[in-house]
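If you read the protein sequences in the order shown, they are chains A and B. Going by this note's numbering, the first residue of the first sequence is number 757, and it counts up by one from there. Going by this note's numbering, the first residue of the second sequence is number 15, and it counts up by one from there.
In short, the hints are calculated from the structure, not lab data. Among the clues, some could well be false.
Said to hold, decoys possible - Computed far set for chain A versus chain B, every beta-carbon distance over 10 Å:
#, residue
1, Gly772
2, Ser783
3, Gly784
4, Pro817
5, Leu839
6, Thr860
Claimed, not checked - Computed beta-carbon distance windows for the label pairs:
#, chain 1, residue 1, chain 2, residue 2, range
7, B, Gln28, A, Gln774, 43 to 51 Å
8, B, Pro53, A, Gly772, 44 to 52 Å
9, B, Asn109, A, Ala758, 25 to 33 Å
10, B, Pro123, A, Gln774, 43 to 51 Å
11, B, Ser44, A, Gln810, 16 to 24 Å
12, B, Ile27, A, Gln797, 23 to 31 Å
Claimed, not checked - Chain A is faced by these chain B residues, among others (derived, beta-carbon under 8 Å):
#, residue
13, Val42
14, Gly66
15, Gln94
16, Leu102
17, Ala115
Positions of the beta carbon are idealized from the N, C-alpha and C atoms, including for glycine.
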Amino acid sequence: KAGVTQTPRYLIKTRGQQVTLSCSPISGHRSVSWYQQTPGQGLQFLFEYFSETQRNKGNFPGRFSGRQFSNSRSEMNVSTLELGDSALYLCASSLALGQNYGYTFGSGTRLTVV
Amino acid sequence: TQLLEQSPQFLSIQEGENLTVYCNSSSVFSSLQWYRQEPGEGPVLLVTVVTGGEVKKLKRLTFQFGDARKDSSLHITAAQPGDTGLYLCAGVWGNDMRFGAGTRLTVKP
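Please work from the sequences and hints to get the whole structure.
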């Protein structure tokens with residue numbers, strides 16, 4: 757079966773712009789989580805969605821937002837981009853809410869802010 | 015401050031050697047997961063351990079969960095170049111999950 761699909765794979769944006777990243781989970785998976793990965797901070801949790809509702813949120817500013825659609829696909833948006841937002845953004849899907857099930861990650865979107 | 019401490023941070027060994035990497039916390043986990051990440055890709059789940067003292071084997075990889083469920087180790091026997099990657103542990107506390115900074119392993123042929 758198809759894995760977790762993230763688009764686009766690479767993105768270059770200018771400071772102050774906004775960006776939308778997309779994630780299609782594995783068919784049947786209803787939970788989608790987003791992580792930011794940087795060399796200095798490692799994997800940092802952004803938020804988790806289940807049944808179109810945000811169930812858990814990490815310690816990121818309000819410029820970071822997301823949503824989930826009825827088909828479980830998810831998008832995350834970053835507004836007013838800063839240089840420090842340059843990172844690999846990873847989406848992970850799971851059968852149900854709760855991390856005990858383990859995640860299946862996508863290949864990520866590499867965002868570069870210049 | 016990392017809730018999960020992984021050690022060593024970097025490890026470079028020759029093919030055929032054995033190695034152990036560690037994941038430690040002062041908190042008790044409800045479960046712990048190990049992932050491997052290769053350059054340009056997302057992490058791939060290797061194993062989930064739930065019970066204190068649990069040992070799981072995946073071919074040449076042996077995972078152990080500490081009796082007190084605060085620590086875990088990953089042992090690789092006869093490492094191969096294909097084992098090269100970033101090994102991440104992730105601890106779960108209720109609905110909260112945090113990743114360690116990872117151990118970057120390089121296995122030289």
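So, going through the hints one by one against the coordinates:
1. Gly772: holds (28 Å)
2. Ser783: Given a closest Cβ separation of 18 Å, the condition holds.
3. Gly784: At about 16 Å from chain B, Gly784/A clears the 10 Å cut-off, so the statement holds.
4. Pro817: holds (19 Å)
5. Leu839: holds (22 Å)
6. Thr860: At about 7 Å from chain B, Thr860/A fails to clear the 10 Å cut-off, so the statement is violated.
7. Gln28/B / Gln774/A: 43 to 51 Å: Once the Cβ atoms are compared, 48 Å apart, the range 43 to 51 Å for Gln774/A and Gln28/B holds.
8. Pro53/B / Gly772/A: 44 to 52 Å: violated (30 Å)
9. Asn109/B / Ala758/A: 25 to 33 Å: Holds: the Cβ-Cβ distance is about 27 Å, inside 25 to 33 Å.
10. Pro123/B / Gln774/A: 43 to 51 Å: Roughly 45 Å apart at Cβ, these two residues keep to the hinted range, so it holds.
11. Ser44/B / Gln810/A: 16 to 24 Å: Holds, since Ser44/B and Gln810/A (Cβ atoms, about 22 Å apart) stay within the stated range.
12. Ile27/B / Gln797/A: 23 to 31 Å: At 27 Å between Cβs, range holds.
13. Val42: violated (14 Å)
14. Gly66: Since chain A brings no Cβ nearer than about 15 Å to Gly66/B, farther than 8 Å, the hint is violated.
15. Gln94: violated (23 Å)
16. Leu102: With Cβ-Cβ at 7 Å, under 8 Å, it holds.
17. Ala115: holds (4 Å)
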